[in-house]
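Chemist: These are the residues of each chain, in order.
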Amino acid sequence: MRLKIFFAPLVFLIAGVIAIWYVWPTILEIQTRSLELSTSKDKLNSTLERKDNLETLKGILDRNKEKEDFILSYLPSARNEEKIVDGLNYLATDSGLSLINIAVEEERLPLIQDELGNTYDPNNTASLPEGTVIPVVAPQTRFLIVKANATGKYENVKMFLNQVYRMEMLNKVNSLEVKKVSIGGAPVEGEQAASDTLTATVEIKFGYLPSIHEEGESLSPVFSSKEINFSQYQRLKDFVTEKIPDLDEGQKGKSNPFLP
Amino acid sequence: MGNINLLESAQGKGSSAGSMLGIKSIYIPLLVLFAILIIWGGSKAYSAYLFDQKNKVDEQNQLESANLSGKSADRLVDFNERMKKASEESADRANFEDYLKELESIMISGSNVESLKYSSDKIEILMTADNFKTVARQILGFKNSKYFKDLGMEKTSFDESGKIKFDLIK
Chain P
1 MRLKIFFAPL VFLIAGVIAI WYVWPTILEI QTRSLELSTS KDKLNSTLER
51 KDNLETLKGI LDRNKEKEDF ILSYLPSARN EEKIVDGLNY LATDSGLSLI
101 NIAVEEERLP LIQDELGNTY DPNNTASLPE GTVIPVVAPQ TRFLIVKANA
151 TGKYENVKMF LNQVYRMEML NKVNSLEVKK VSIGGAPVEG EQAASDTLTA
201 TVEIKFGYLP SIHEEGESLS PVFSSKEINF SQYQRLKDFV TEKIPDLDEG
251 QKGKSNPFLP
Chain A
1 MGNINLLESA QGKGSSAGSM LGIKSIYIPL LVLFAILIIW GGSKAYSAYL
51 FDQKNKVDEQ NQLESANLSG KSADRLVDFN ERMKKASEES ADRANFEDYL
101 KELESIMISG SNVESLKYSS DKIEILMTAD NFKTVARQIL GFKNSKYFKD
151 LGMEKTSFDE SGKIKFDLIK
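Quick mapping for you: the protein sequence lines, in order, are chains P and A. In terms of the working numbering, the first sequence has 41 at position 41, counting the first letter as 1, and numbering is strictly consecutive. In terms of the working numbering, the second sequence has 71 at position 71, counting the first letter as 1, and numbering is strictly consecutive.
Chain P with its partners taken away, still in its complex shape (with noise of 0.2 Å):
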């Protein structure tokens, strides 16, 4: 009779023990499980979502050849000292001003810092101790420092910044100096002088951009719209004006190369 009495009461206690150490927590467990499981699958949608764009942009893109084409000439992959050069010495003949030298630099790399505080020079891997790992960054706008000289008169200087300004490749002027064309280290005095015949040094930075590739992991947002944005190349097109024309090779074979 007893048993009978605290029977009831026993098993109720342990059905609640059980409903509040283990049911209830599997019930949170589910719906944390549950979360997880939409957040998933909105991933999963998104990703499909985004393959399909992907085929889409694609095909505008295709369509969109030259777009292309311009954007990487204005901001090439790699370092075009060629182009440069030529560029420059187009700009130059074009303004009336005679080229004297021209000198290309690389512009060094800011230092890198990891979550540890420790600084990196990537200008320099090589003195690094080896094993260090060099935190990874994304490819960021590179520059080349090209100096140029050249002589003629103001217009002519004129002429030329604006023409470099609104260059086909990505630049920026860093200085300028104009000076009246000296003798022997002293600025000419008198007739000469009033020739307007002018020295202009000219630094310049141009732009390149390594080559950027799509991580799996971290896709791109571009490819959740199914529109390129081409706004941006618009406005960098109707700034450009100064088409250099397209470098080729030349002519090329010579049985003795030292030979002029």
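Some hints here could point you the wrong way.
As the list claims (entries may be wrong) - Derived pair list, reagent style DSSO-like, types lysine-lysine, alpha-carbon separation capped at 27 Å:
1. LYS67(P) x LYS84(A)
2. LYS163(A) x LYS180(P)
3. LYS54(A) x LYS51(P)
4. LYS122(A) x LYS147(P)
5. LYS172(P) x LYS146(A)
6. LYS56(A) x LYS43(P)
7. LYS226(P) x LYS85(A)
8. LYS179(P) x LYS56(A)
9. LYS67(P) x LYS43(P)
10. LYS165(A) x LYS153(P)
11. LYS84(A) x LYS83(P)
These are calculated hints, taken from the structure and not from any lab test.
Dock chain A against chain P, hints included.
Modeler: Frame of chain P; chain A shown alone:
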């Protein structure tokens, strides 16, 4: 007249109701316990199913993402990023012809530029003028200009032709 045993009859009914209550008091708690155990087992199984489904969806997502990162994807991402960076880098460019135009507009008669050095952080202009009044006027002209307003004069000297040389530096 026969006797009716009311006591016995009442006792019999009482024990039947008592046994029913006893049975209920055993089975109902057991039923509740059983139901809770079933819910627990079911929810565990459902939770495992959800986990399995999530893993399958993640695997499929990884597979599809890996398929996306091909040559076409690279080409599109590269074009998009290149266009963006080109536009950003172009935004803060300066046309140095504008500085020369500004210089033209502030020059006064009687003074002329011998040399000019212009960069974003430093400006040096070497000038000559006929007299000190012209020097002062020219400095005032620079101070009222857009690009050369921060220039300051350091010293003056005479050149061989008797003109006043002065330099303006920022």
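Chemist: All hints, please: hold or fail.
Modeler: Verification of the supplied hints:
At roughly 13 Å between alpha-carbon atoms, LYS67(P) and LYS84(A) fall within 27 Å of each other, so this suggested pair holds. With a C-alpha separation of about 16 Å, the suggested pair LYS163(A) and LYS180(P) falls inside the 27 Å cut-off, and the hint holds. About 20 Å separates the Cα atoms of LYS54(A) and LYS51(P), which keeps this hinted pair within 27 Å; it holds. The hinted pair formed by LYS122(A) and LYS147(P) meets the criterion: a straight-line CA distance of about 17 Å does not exceed 27 Å.
Among the hinted pairs, LYS172(P) with LYS146(A) is consistent with the structure: their alpha-carbon atoms are about 20 Å apart, no more than 27 Å. With a C-alpha separation of about 13 Å, the suggested pairing of LYS56(A) with LYS43(P) holds against the 27 Å cut-off. The straight-line distance between the Cα atoms of LYS226(P) and LYS85(A) is roughly 21 Å, inside the 27 Å bound, and the hint therefore holds. A threshold of 27 Å between alpha carbons decides the hint, and for LYS179(P) with LYS56(A) the separation of about 72 Å lies outside it, so the pair is violated.
For the hint pairing LYS67(P) with LYS43(P), the CA-to-CA distance comes to about 32 Å; that exceeds 27 Å, so the pair is violated. Using a Cα cut-off of 27 Å, the hinted pair LYS165(A) and LYS153(P) holds, with the two alpha carbons roughly 22 Å apart. Under the criterion of a C-alpha separation no larger than 27 Å, the hint pairing LYS84(A) with LYS83(P) is consistent with the structure, at around 22 Å.
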